[in-house]
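Undergrad: The whole structure should be built from the sequences, with the hints applied where relevant.
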Amino acid sequence: DGGITQSPKYLFRKEGQNVTLSCEQNLNHDAMYWYRQDPGQGLRLIYYSQIVNDFQKGDIAEGYSVSREKKESFPLTVTSAQKNPTAFYLCASSNPGIGYGNQPQHFGDGTRLSIL
Amino acid sequence: QQQVKQSPQSLIVQKGGISIINCAYENTAFDYFPWYQQFPGKGPALLIAIRPDVSEKKEGRFTISFNKSAKQFSLHIMDSQPGDSATYFCAASFQGAQKLVFGQGTRLTINP
Numbered sequence: 063d064g065g066i067t068q069s070p071k072y073l074f075r076k077e078g079q080n081v082t083l084s085c086e087q088n089l090n091h092d093a094m095y096w097y098r099q100d101p102g103q104g105l106r107l108i109y110y111s112q113i114v115n116d117f118q119k120g121d122i123a124e125g126y127s128v129s130r131e132k133k134e135s136f137p138l139t140v141t142s143a144q145k146n147p148t149a150f151y152l153c154a155s156s157n158p159g160i161g162y163g164n165q166p167q168h169f170g171d172g173t174r175l176s177i178l
Numbered sequence: 055q056q057q058v059k060q061s062p063q064s065l066i067v068q069k070g071g072i073s074i075i076n077c078a079y080e081n082t083a084f085d086y087f088p089w090y091q092q093f094p095g096k097g098p099a100l101l102i103a104i105r106p107d108v109s110e111k112k113e114g115r116f117t118i119s120f121n122k123s124a125k126q127f128s129l130h131i132m133d134s135q136p137g138d139s140a141t142y143f144c145a146a147s148f149q150g151a152q153k154l155v156f157g158q159g160t161r162l163t164i165n166p
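Taken in order, these protein sequences are the chains called A and B. Plus 62 on top of the position in the first sequence (first one is 1) and you've got my numbering. Plus 54 on top of the position in the second sequence (first one is 1) and you've got my numbering.
Just so you know, these hints were derived from the structure itself, not from any lab. Hints are not guaranteed to be accurate.
Claimed, not checked - Here are the computed distance ranges between Cβ atoms for each label pair:
1. B:Asn165 to A:Ser135: 41 to 49 Å
2. B:Pro136 to A:Asp100: 25 to 33 Å
3. A:Gly65 to B:Pro136: 20 to 28 Å
4. B:Ser123 to A:Lys71: 40 to 48 Å
5. A:Lys76 to B:Ala83: 27 to 35 Å
6. B:Ala99 to A:Asn146: 37 to 45 Å
7. A:Asn146 to B:Ile66: 24 to 32 Å
8. B:Thr163 to A:Asn115: 41 to 49 Å
9. A:Gly65 to B:Glu110: 50 to 58 Å
Beta carbons are placed, not taken as given, at the ideal position from N, Cα and C, and that holds for glycine.
TA: In structure tokens:
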């Protein structure tokens with residue numbers, strides 16, 4: 063059954079701590095994305111990657127870092143520099159096409175991050 | 055120019071009624087307009103999408119209406135059911151773009 067798996071479902075961060083959110087997909091998609099969702103707000107793009115070993119900053123990249131060493135994996139690290147990390151984090155992927163933004167994105171079920 | 059404005063923020067409809075959510079955009083290069091449905095604690099799921107060569111697309115009880123001259127598009131949910139209660143997001147993109155631009159979301163509640 064193809065899909066996107068995000069883990070953990072819930073995560074707590076202490077002050078000054080870096081935490082890493084996992085995202086794995088078995089859809090054989092080239093492009094992967096990380097979004098942040100705050101209550102009552104839309105999805106804001108943190109980082110995206112079109113291909114292995116390449117990624118670009120989205121609209122709110124400060125305080126976050128990513129890596130893309132494998133096609134199926136796109137982990138997100140929330141660093142201590144991100145002062146307001148409490149949010150719902152969503153990972154997505156899409157097929158290659160004429161412009162990755164022009165293709166449907168498939169989402170995981172998210173990780174809810176809170177501060178202890 | 056990259057924004058997509060969605061309204062209303064929240065909507066309450068009686069069971070069996072029609073739910074209507076509207077979106078407006080500025081960038082005339084946009085040529086792909088998907089709608090996503092999100093249930094609490096879950097990721098958004100693609101509901102229906104339209105490209106501007108048609109003015110309407112229907113899938114079951116869900117219809118997208120597209121007005122290119124007004125730069126607006128809307129989602130209509132006919133015979134709304136309590137199971138349709140969710141948050142709905144519109145989005146837009148264009149060929150060559152690397153990302154979707156999302157609206158702010160509409161929280162829809164269908165009263166039984």
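Undergrad: Run every hint past the structure and note whether it holds.
TA: Verification of the supplied hints:
no. : hint                             : result
1   : B:Asn165 to A:Ser135: 41 to 49 Å : 43 Å, holds
2   : B:Pro136 to A:Asp100: 25 to 33 Å : 26 Å, holds
3   : A:Gly65 to B:Pro136: 20 to 28 Å  : 26 Å, holds
4   : B:Ser123 to A:Lys71: 40 to 48 Å  : 45 Å, holds
5   : A:Lys76 to B:Ala83: 27 to 35 Å   : 44 Å, violated
6   : B:Ala99 to A:Asn146: 37 to 45 Å  : 27 Å, violated
7   : A:Asn146 to B:Ile66: 24 to 32 Å  : 31 Å, holds
8   : B:Thr163 to A:Asn115: 41 to 49 Å : 45 Å, holds
9   : A:Gly65 to B:Glu110: 50 to 58 Å  : 31 Å, violated
Checked against the numbered hints above, the structure violates hints 5, 6, 9; every other hint is satisfied.
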